[in-house]
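Participant: All chains should be built: construct the whole structure from the sequences, respecting the hints.
Line order of the protein sequences matches chains A and B.
Plus 26 on top of the position in the first sequence (first one is 1) and you've got our numbering.
Plus 101 on top of the position in the second sequence (first one is 1) and you've got our numbering.
Because the hints were derived from the structure by calculation, they are not lab data.
Predicted model only: the values in this text are computed from it and were never measured.
Any given hint could turn out to be false.
What follows is a set of in silico ranges between Cβ atoms, one per label pair, in the way DEER data are often shown [stated by the list, open to error]: (1) A:Lys149 / B:Ala212: 33 to 43 angstroms; (2) A:Ala198 / B:Ala212: 46 to 56 angstroms; (3) A:Leu429 / B:Asp441: 57 to 67 angstroms; (4) B:Leu391 / A:Gln289: 58 to 68 angstroms; (5) B:Lys358 / A:Arg145: 21 to 31 angstroms; (6) A:Asp28 / B:Glu105: 36 to 46 angstroms; (7) A:Lys431 / B:Trp215: 39 to 49 angstroms; (8) B:Phe138 / A:Asp388: 53 to 63 angstroms; (9) B:Ile342 / A:Tyr347: 51 to 61 angstroms; (10) A:Glu143 / B:Asn392: 53 to 63 angstroms.
Built from N, CA and C at the ideal position, the CB exists for glycine as well.
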Amino acid sequence: MDPVTLSRLQFALTTIYHWLFVPLTLGLGWFVAFMQTPFYQTKDETWHKMSKFWGKLFLINFAIGVVTGIVQEFQFGMNWSEYSRYVGDIFGAPLAIEALLAFFLESTFLGVWVFGEGRVPEKVHLASIWLVAIGSNLSALWILLANGWMQHPVGYVINEANGRAELVNFFALIGNPKGWIFFWHTISDGLAMAAFMVLAVSAYHLARKQNVEFFKRSFQMGALVGLIASVLIFLGGHTMGQFMFENQPMKFSAIEAHWETSQPADFSILTIGDLTGKREVWSIRTSQIGIPGVLSFLACNNFDCEVKGVNELQAEAESQYGPGDYIPLMVVTYWTFRIMMTFGFIMMGASAWFLYATCRKDYENARWLKLVPFGALALPYLANASGWILTEMGRQPWIVYGLLKVQDAVSPNLTTLDLLISLIGYTVVYGSLAVAMVKLMLKYAKAGPDAAMHESVDVAPTLVGADD
Amino acid sequence: MSYEFLQILWFILIAVLWIGFYFLEGFDFGVGMLLPFLGKKDEERRAIINSIGSVWDGNEVWLLTAGGATFAAFPHWYATMFSGFYLPLFLLLVGLILRGISFEYRSKDPAPAWRNRFDWMIALGSFLAALLLGTAFANLAKGVPIGADMNYVSPNGIMTTIGLLNPFGLIGGLTTVAVFLLHGANFLSLKLEGELRERARAFAKKLYIFAAIMVVLLAVTTYIYTDILSKIGVNPGVIPIVSAIALLASIYFINRKMEGWAFITVSLHIVLTQVAFFTLMFPRVMVSSLNPDWSLTIYNASSSQYTLTVMSIIALIFVPIVLAYQGWTYYMFRKRISTDKKELVY
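Facilitator: Pasting the structure below:
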């Protein structure tokens, strides 16, 4: 395989992996901060235990996000040096600001939170977990503004003398609507992921009648936050779709396997392409079941607007940028979108159902509690990974939309051997990390709140359900 | 603010970030490398980890910020260095990953095999990181094959990046390891109590000899392998001499059990050596071994004046805030760490 493909593969691997853990950090931080606040106010021991127990899971997860994040910061220069030269004047700024404003905040105050209990004033200890949550979400904002610029470049000029993009308007960069829509979609996704984690672990204990009071409170919180967050995700996603329709029409139409320009445009219920992923073989669309114009509505909130097809957009791109293939791999964009959307809707329905269930007094006796919430935990993880694969692969062949292609962005000095060594190395290291992480998560999640009050599960009292 | 002023300002800021990183994470790396050798029993190892537990992550952010600031202010420096040093940096990242995860995961299971594995991963990760950082800095000065287009020329494929591990590079790396070990031992004798404190001081005495030999070797080989002493950027004046005196003085304080001064003098040595490095390099940031005109300097590697101006304003506002709260946490956790299990967090 050539260095470009290997570099892409490695970036995909390291980034998707990193992003399996970070959304939980983003969301669960708020949960822990929110639980510790009433403990500080009322000294209610259940709130204390909740912040400690969910905080323990938060820490186990947080560590992986941190160590894999260092790779993210370095690999632009390591694997994408031409990209770094071309955009460094713009893209470097949010990265540096992210480190200065967000990384220092979250890592310093995480240290205070972990080591400070009983050593720093309670108020300071409470403030530190809020600062951790704020810091990690701030970091998401800056990296999403950076990514937003790659999807929708603003506030720049191309300097003909040195052949690179240069920043001319910092406020355009930080006000980039694409970045803010990403941020909205992403932090609600983080909250949803945390909510489903809380739901799954709580249901496990409720089904076993352990620490019922503790986990009922957690379950209720999870259901409420899960519902609010998944509605916010949906609204953010819909806004993102319309922004995409205007600014990345090719991605929009590729998601829908929408080949020919039409007005009104039809939403594909199921389209099957050939093996190249570039041609349609069979398709059924909404107009065939009597609802025309659904795609038009997704594009512009109007059932009758025109949506350009992939073929016309390809011709337009060729006349603008020269000959080439400007169509993303449609089998990927089409299916990842459907996975993301379907799972997103199931999440909304599931959390509404869980919330409704908590209104009934004895829901902890329900049989569905044994399996449903645990299975539902897979939804946000799969939806979230699909969404990012869609966003990034839907932009191909561009690394910076309309400005720089992926094939022109890699480090020219790297050989296939260099990349094989690092790719295999990352796979082995990341694989082992996942094994250790899952082992600890399961252990602490199963052990319950009493164990989290102690440093190690095995020295903790073995009696569970002590507070029932 | 003129363009040149901004370029110099950002050179200084990035130098400060690296110096801060060497000073802070230097003892973290030293502590990490010493962990399995200094701590015999589990509580002892826990005390050693607890001595840096609350701060190591914040210290490591200095490296991330140095990386991010280099990207923003000198994109060509970032691009050439990170792609050119590909495999050593990959190993550095593996070292940092192993180390970081081990701090958090070690304590979460009491099985001796589990804990022992993470202890050695901390030591190995810290060693790799210190060695490769030192190697990278030595090669910045020695020169690497940078072509006219600022890219690393790699006629020998993978051997070019492995070529960083040349004798001078390795001397730079081992010197960094030796000085960080000494720095870590001093830090531990300052932070621990009782027998461990004594043991750390005894280690410092022995490590001092190793560090002193390596520093002398590095100084001598710098004459042979690099041109930074003949093509001095800014004359560092007495800085290298003060740095040497500080290192010499530290053994006096170590022997006299004056732990605070021992720590300060070695810190001073680390800081001043880095200051000397950056002043000697200025205005170059990477030396080309192929053609002096192809070296990267703060002038040909920098971002635009607009970006540097924006970044300067942001740095001016936030760097003091960060320094204040990070300094405050050191003050907050200034107490010595005992091996009393009730006191230990990790």
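Participant: For every hint, state whether the structure bears it out.
Facilitator: Cross-check of the supplied hints:
1. A:Lys149 / B:Ala212: 33 to 43 angstroms: 38 angstroms, holds
2. A:Ala198 / B:Ala212: 46 to 56 angstroms: 55 angstroms, holds
3. A:Leu429 / B:Asp441: 57 to 67 angstroms: 60 angstroms, holds
4. B:Leu391 / A:Gln289: 58 to 68 angstroms: 60 angstroms, holds
5. B:Lys358 / A:Arg145: 21 to 31 angstroms: 27 angstroms, holds
6. A:Asp28 / B:Glu105: 36 to 46 angstroms: 41 angstroms, holds
7. A:Lys431 / B:Trp215: 39 to 49 angstroms: 47 angstroms, holds
8. B:Phe138 / A:Asp388: 53 to 63 angstroms: At 58 angstroms between Cβs, range holds.
9. B:Ile342 / A:Tyr347: 51 to 61 angstroms: Roughly 60 angstroms apart at Cβ, these two residues keep to the hinted range, so it holds.
10. A:Glu143 / B:Asn392: 53 to 63 angstroms: 59 angstroms, holds
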